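Visitor: Hey, can you work out the whole structure from these sequences and the hints?
These protein sequences, in sequence, are chains A and B.
In our numbering, each residue's number is its place in the first sequence (first place is 1) plus 275.
In our numbering, each residue's number is its place in the second sequence (first place is 1) plus 26.
Hints in this document: simulated from the structure, not taken from any laboratory.
Just so you know, these numbers come straight off a predicted model, no measurement behind them.
Label pairs and their calculated CB-CB ranges:
| # | chain 1 | residue 1 | chain 2 | residue 2 | range |
| --- | --- | --- | --- | --- | --- |
| 1 | B | 129 | A | 787 | 37 to 47 Å |
| 2 | A | 700 | B | 140 | 24 to 34 Å |
| 3 | A | 754 | B | 30 | 37 to 47 Å |
| 4 | A | 701 | B | 73 | 28 to 38 Å |
| 5 | A | 718 | B | 129 | 10 to 20 Å |
| 6 | B | 119 | A | 722 | 37 to 47 Å |
| 7 | A | 768 | B | 119 | 53 to 63 Å |
| 8 | B | 140 | A | 769 | 54 to 64 Å |
One side only, chain A facing chain B, incomplete, derived with CB under 7 Å:
| # | residue |
| --- | --- |
| 9 | 683 |
| 10 | 684 |
| 11 | 687 |
| 12 | 688 |
| 13 | 690 |
| 14 | 691 |
| 15 | 692 |
| 16 | 695 |
For each residue, glycine too, the CB sits at the ideal point set by N, CA and C.
This is what each chain is made of:
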Amino acid sequence: MTSLRPALYGLAALALLFGLIDFGLVLTSDFLSVRGVWASAGLLVGWGFIGVGLFAWWRRPDNRVGMLMAATGFAWLLSLVGASDSELLFTIGQATSSIFFATAIHMLLAAPDGWLHTRIERRIVAVGYLVVIVLVPPLYLFVDPARDLDCRECPDNLLFVARDETVLNAFGAILNVIGITIVVAVLLSLVRRWRRAPAPERRLYAAVYACGIALMLALIGLFALQSVSNDSDALDVLFAVAIAPLALIPYLYLAALVRARVLEGGAMGELVARLGEAPRAGELRDALAGALNDPSLELFYWLPAERGWVDPDGHRVELPGEGSGRAVTGVERDGERLAAIVHDPSLLAARAHVRAVGAVASLALENERLDAELRCKVDDLRASRERMLRIGLEERRRLERDLHDGAQQRLVSLALNLRLARGRLRDDPDAADRLLAGASEELEAALEELRELARGIHPALLSDRGLETALETLAHRAPVPVRLGELPDERLPEAVELAAYFVVSEALTNVAKYAAASEATVSVGRDDGRIVVEVADDGVGGADPERGTGLRGLADRLAVLEGRLEVDSERGHGTTVRARIPCG
Amino acid sequence: MALSVLIVDDHPSFRASARMLLEAEGFDVVGEAEDGRAALRAVRELRPDVVLLDVQLPDLNGLQVAERLSANGAVPAIVLTSSRDLDDIGAVRGVRGFIPKSELSGPALEALLTP
Chain A
276 MTSLRPALYG
286 LAALALLFGL
296 IDFGLVLTSD
306 FLSVRGVWAS
316 AGLLVGWGFI
326 GVGLFAWWRR
336 PDNRVGMLMA
346 ATGFAWLLSL
356 VGASDSELLF
366 TIGQATSSIF
376 FATAIHMLLA
386 APDGWLHTRI
396 ERRIVAVGYL
406 VVIVLVPPLY
416 LFVDPARDLD
426 CRECPDNLLF
436 VARDETVLNA
446 FGAILNVIGI
456 TIVVAVLLSL
466 VRRWRRAPAP
476 ERRLYAAVYA
486 CGIALMLALI
496 GLFALQSVSN
506 DSDALDVLFA
516 VAIAPLALIP
526 YLYLAALVRA
536 RVLEGGAMGE
546 LVARLGEAPR
556 AGELRDALAG
566 ALNDPSLELF
576 YWLPAERGWV
586 DPDGHRVELP
596 GEGSGRAVTG
606 VERDGERLAA
616 IVHDPSLLAA
626 RAHVRAVGAV
636 ASLALENERL
646 DAELRCKVDD
656 LRASRERMLR
666 IGLEERRRLE
676 RDLHDGAQQR
686 LVSLALNLRL
696 ARGRLRDDPD
706 AADRLLAGAS
716 EELEAALEEL
726 RELARGIHPA
736 LLSDRGLETA
746 LETLAHRAPV
756 PVRLGELPDE
766 RLPEAVELAA
776 YFVVSEALTN
786 VAKYAAASEA
796 TVSVGRDDGR
806 IVVEVADDGV
816 GGADPERGTG
826 LRGLADRLAV
836 LEGRLEVDSE
846 RGHGTTVRAR
856 IPCG
Chain B
27 MALSVLIVDD
37 HPSFRASARM
47 LLEAEGFDVV
57 GEAEDGRAAL
67 RAVRELRPDV
77 VLLDVQLPDL
87 NGLQVAERLS
97 ANGAVPAIVL
107 TSSRDLDDIG
117 AVRGVRGFIP
127 KSELSGPALE
137 ALLTP
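Guide: Written out as structure tokens, the structure reads:
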């Protein structure tokens, strides 16, 4: 914002010059009465809006109210050009005389936070600009100042084409109806805003709201009178009545800004004192809520490793989005994202103050972020431990079922066959021989099933011969052809070898069951202090790591070793399961 | 006259071995069923004297099958069997007795059926 200040100075100089020119034009006007009053009032309103607008723009650059206020001041000064005796300036001034109404309405509806909140507000403002820029100037094609404005001393209207009273009256009536509709809509919106504003905002901007409402009531009167009477004196009086609240608005807004600044300064001092007392859990939120006078304030923290937000208790959260009725102001420390202050949208009017509060509290926020990160990790570990326990129970149940359905059934059949054979040994030795041969086959099958089960519990080959041999055997036994890539030629810590073995075993089982692959590759390498186990296939892809207990169980096993599991499985492009396990 | 037997077990190898053994020892094996619902149907149709009923079945377990059979008037003698031990199953009512699968034999079954 370094280029803002010179721009604001430039606008101030322009406003000064413009105001002085207007002052001269009004004072020397041949057709205005009470010129001194008009010239002074004109400057009071124009410079008031521009001065306060530029000040507010400078103090709160991301709040549009200052800019809109300055725009209203310039539009007002432009309308004063209509006091000139020059035909050109008179015509320009008359044709643009209503623009300041549109900017004033925009400013009133956008105050105090600078945003139009509802679709209705946005439509009112759009229609306002449309009327004053597109519909009003053509009206002057039919206005003869001497007869229609009852002003014989006025210069000629350069836009005047022809006098047609019917067209002029119809055009004027339509514009009056549109004008009165807009003003009533603004009035209702202002009342609604006032009723819904949080108490601090209502207190601070009460006078501004009141003036805005008074202005709208006066304008309703003006439009109503215009539609029933052509009494120019009465219209002048009512216009002067409407100008009074308009003139007051910038000064009351300035008073509110100064008061807010004083309150913000006091709140900031109190916040610094509270932060100095090393706030405990929860107190930091209370301190910030107090400083920003927003009891609904919430604090969320950014965890870079998780690439996500957590609340102070470490629970994962999503930041409120658009339309949630909440506003978010980010807090950074040393250029790094640190926290988010989630607050009432009314505080957007003082966003710089919210940012300042965040900056002052950033050290305390950093401390609480670390606490939240720790709590998040503890939660993750607790969840992982519970999953490990559940997986352990499931594995034991599966083991019992496998034993029951497999080896145990074979041994039962074996026992029965042996008993049968014994009974026939004397009477029918051939039958006994067949039964014994069957029993021998059952025994072999039971032994093989027991070996398979034992391998699933703990692969003895891995302990005895190491990962390389164990993986070669896994590859050899897999139903899909497996190509072995880089494998470690040294022994790794037992827990790491076991985790790597189960990753390959589970991944190859999945390849055989679901991938419809023609080949798989297995590699175990090192990368930046980690062992990277990778199993890739050329199958159908589309594996979802969240579905099925196998991959999730692997992720939990790895989490115990602070390892991570990644699954790339775009549909139609095969699957790659990759585990990264910290190792020495 | 030989006692008629229905063998209810989800393992075909056991059903085959049990049929051979019981037939060799004088029983008339009138049918086999591989789950609880098939067993209930088979009892209605075949009216066997004895049901050799595995405790663990894919749908209803053996105890539930025994309960449903007891609720229907003419009740065959129900003998539970399992590759588990009785200690793994717990006390059971409404059945004639229990034989571990590995100890199944004609005399063992007769001993349970003799009042």
